[in-house]
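Asks: Chain residues, written in single-letter form:
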Amino acid sequence: MNLQVANGPLGTAAARLRGKDLLGIAELTPAEILLVLDTAEAMREIAARPIKKVPALRGKTVINLFFEPSTRTRTSFEVAEKRLSADTLNISAGTSSVVKGETLADTALNLEAMSPDLMVVRHTSSGACHFLSRICRAGIINAGDGMHEHPTQALLDAFTIREHKKRLGGLKIAIVGDLLHSRVLRSNVLLLTKLDADVWVSGPPTLIPPGIAQLGVRVTTSIDEAVEGADVVMMLRIQLERMQGGYFPSLREYFTVFGLTSQRVRRAKPDVIIMHPGPMNRGVEIASEVADGACSVILEQVANGVAVRMAVLYLLAGGGEHEAAA
Amino acid sequence: MPVLMDAERVARALMRIAHEVIERNRDLNELALVGIRTRGVPLATRLRANLREITGTDVPVGALDITLYRDDLMRHPVGPQPLVRRTEIPFSIDDRRILLVDDVLYTGRTVRAGLDALIDFGRPRAIQLVVLVDRGHRELPIKADYVGKNVPTSSTESVRVRLQEIDGHDLVLIEKEEEQK
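First to last, the protein sequences are chains F and G.
Taken in order, the first sequence gives residues 1 to 326; the numbers are from my numbering.
Taken in order, the second sequence gives residues 1001 to 1181; the numbers are from my numbering.
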């Protein structure tokens, strides 16, 4: 067995995250992204211990404020917080005073009066986290805001890709599905282009936002062209709750034209990895045989999510530059 | 900058410590070395080589990062978080005698954190402490079992350990601390 004498396999560039919040990938530098990934590398080992807990965030309070349903992300954050010994509180819209008509600002300020250190926020409106970061002293972690960003998902996706491919730069990465409504897409495109990956996006013309090519990606309406020779294929969920607009004729037709089948996977590189942020619609965007197949890393993504969120919580819990000014 | 130990003295100290370890621990098969990152890890690896040279027995080596157990974590409202690196202990520590290895023993706070971290991995039969340099000024009731060199220092001085594996050469220096703190 060879122990690495120095740090993680790819080295670390930055020693800190700027600011108190993680609002989106747009605000991060490539060095900061690598810092999160390298820190997550260290955090992952904790899940393999008999006692899966370290005392790093003892005495810190983290509020998980979820205005939109979520299983994976909320549970993942909660597990990450508990493994770091933080005290956690969960508030979801359905059981809070939001149903009584309280505004987002009032809810946040009332919670803030109980002096939490960090708030993990998911909201249906794009920009909700930016808004909260301006009015709250606590650090805000964006756990998905509307159709804008979902930074920790992109970070865990990058972590998973890097683990398999040992790099991100130069990889052909195809992202296929509902490009219009997907915050996962936006965060992933921002992150992967910052780290010089060759990103292809594909979906029905009705679900391709105008101007997306300006983000530095190749756009095609042919999934086959996107998947051809790809190192990574990332499937996006067809958001059934947002499909009232008649974007395509039927789910069955969508699967025929854009679904990832094992025939299509054969166009990619032999060592391709298949990813999906979940929840999956089997038989809509992805065939069951692919989702459960040998190339699928979908459940690894979930496991890596905890490590990446531990890294983000740890790096932000110190307070950052914000308090330096105070 | 006065030199405390050169490469030869470091090598001799580690060989002597290996002999002391053998003297105190009859059954090497129940031993394991755990180095505290960063410089405890190459020291632990060298001790393993010495133990193998003397007895032919291979003792497993692990690496421990104590950052998440530091008692000064989150105490400074300003400034970057210390970098967390990977802990790798690829064997069970239950019922083993663990040799915890670090380069410099000073306040004892790093060792305290290391003990807490180790206990999270299981229940070793015993933990013994190996350090290359003991410079005094303990702030916690901690004592090393094996010491490469005892060095009386003043708290305005700092002891720098450089090792081949990380810094390209072996050298232990003592220097006056700049007006940083």
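These are calculated hints, taken from the structure and not from any lab test.
Computed from a predicted structure; not experimentally measured.
Treat the hints with care, as some may be off.
[To be verified] Which residues of chain F face chain G? A few of them, derived with a C-beta cut under 8 Å, are: (1) Gly19; (2) Glu41; (3) Met43; (4) Glu45; (5) Pro50; (6) Arg72; (7) Arg74; (8) Ile208; (9) Gly211; (10) Tyr314; (11) Leu315; (12) Ala317.
[Stated by the list, open to error] Sample of chain G residues with no beta-carbon within 12 Å of chain F, all distances over it, derived: (13) Met1005; (14) Asp1006; (15) Ala1007; (16) Arg1012; (17) Asp1071; (18) Gln1081; (19) Thr1087; (20) Asp1094; (21) Gly1108; (22) Thr1153; (23) Arg1160; (24) Ile1174.
Glycine included, each C-beta is placed from N, C-alpha and C at the ideal position.
Asks: Determine for every hint whether it applies to the structure shown.
Replies: Hints and how they fare:
1. Gly19: 12 Å, violated
2. Glu41: Glu41 of chain F check passes; min Cβ-Cβ to chain G is 6 Å, inside 8 Å.
3. Met43: 7 Å, holds
4. Glu45: 5 Å, holds
5. Pro50: Holds - the Cβ of Pro50 of chain F comes within 8 Å of chain G, reaching about 6 Å at its closest.
6. Arg72: 24 Å, violated
7. Arg74: 23 Å, violated
8. Ile208: Result: violated, 40 Å to nearest chain G Cβ.
9. Gly211: 37 Å, violated
10. Tyr314: 6 Å, holds
11. Leu315: 5 Å, holds
12. Ala317: 6 Å, holds
13. Met1005: With a cut-off of 12 Å, Met1005 of chain G remains clear of chain F, as the shortest Cβ separation is near 20 Å.
14. Asp1006: Given that every Cβ of chain F is farther than 12 Å from that of Asp1006 of chain G, nearest at about 21 Å, it holds.
15. Ala1007: At about 17 Å from chain F, Ala1007 of chain G clears the 12 Å cut-off, so the statement holds.
16. Arg1012: With a cut-off of 12 Å, Arg1012 of chain G remains clear of chain F, as the shortest Cβ separation is near 22 Å.
17. Asp1071: Nearest chain F Cβ is 9 Å from Asp1071 of chain G, so the label is violated.
18. Gln1081: 4 Å, violated
19. Thr1087: At roughly 5 Å from the nearest Cβ of chain F, Thr1087 of chain G sits no farther out than 12 Å, so the non-interface label is violated.
20. Asp1094: 9 Å, violated
21. Gly1108: 18 Å, holds
22. Thr1153: 26 Å, holds
23. Arg1160: Holds, since 17 Å exceeds 12 Å.
24. Ile1174: Non-interface label stands for Ile1174 of chain G: nearest chain F Cβ at 24 Å, farther than 12 Å.
This entry does not satisfy hints 1, 6, 7, 8, 9, 17, 18, 19, 20, going by the numbered hints stated previously.
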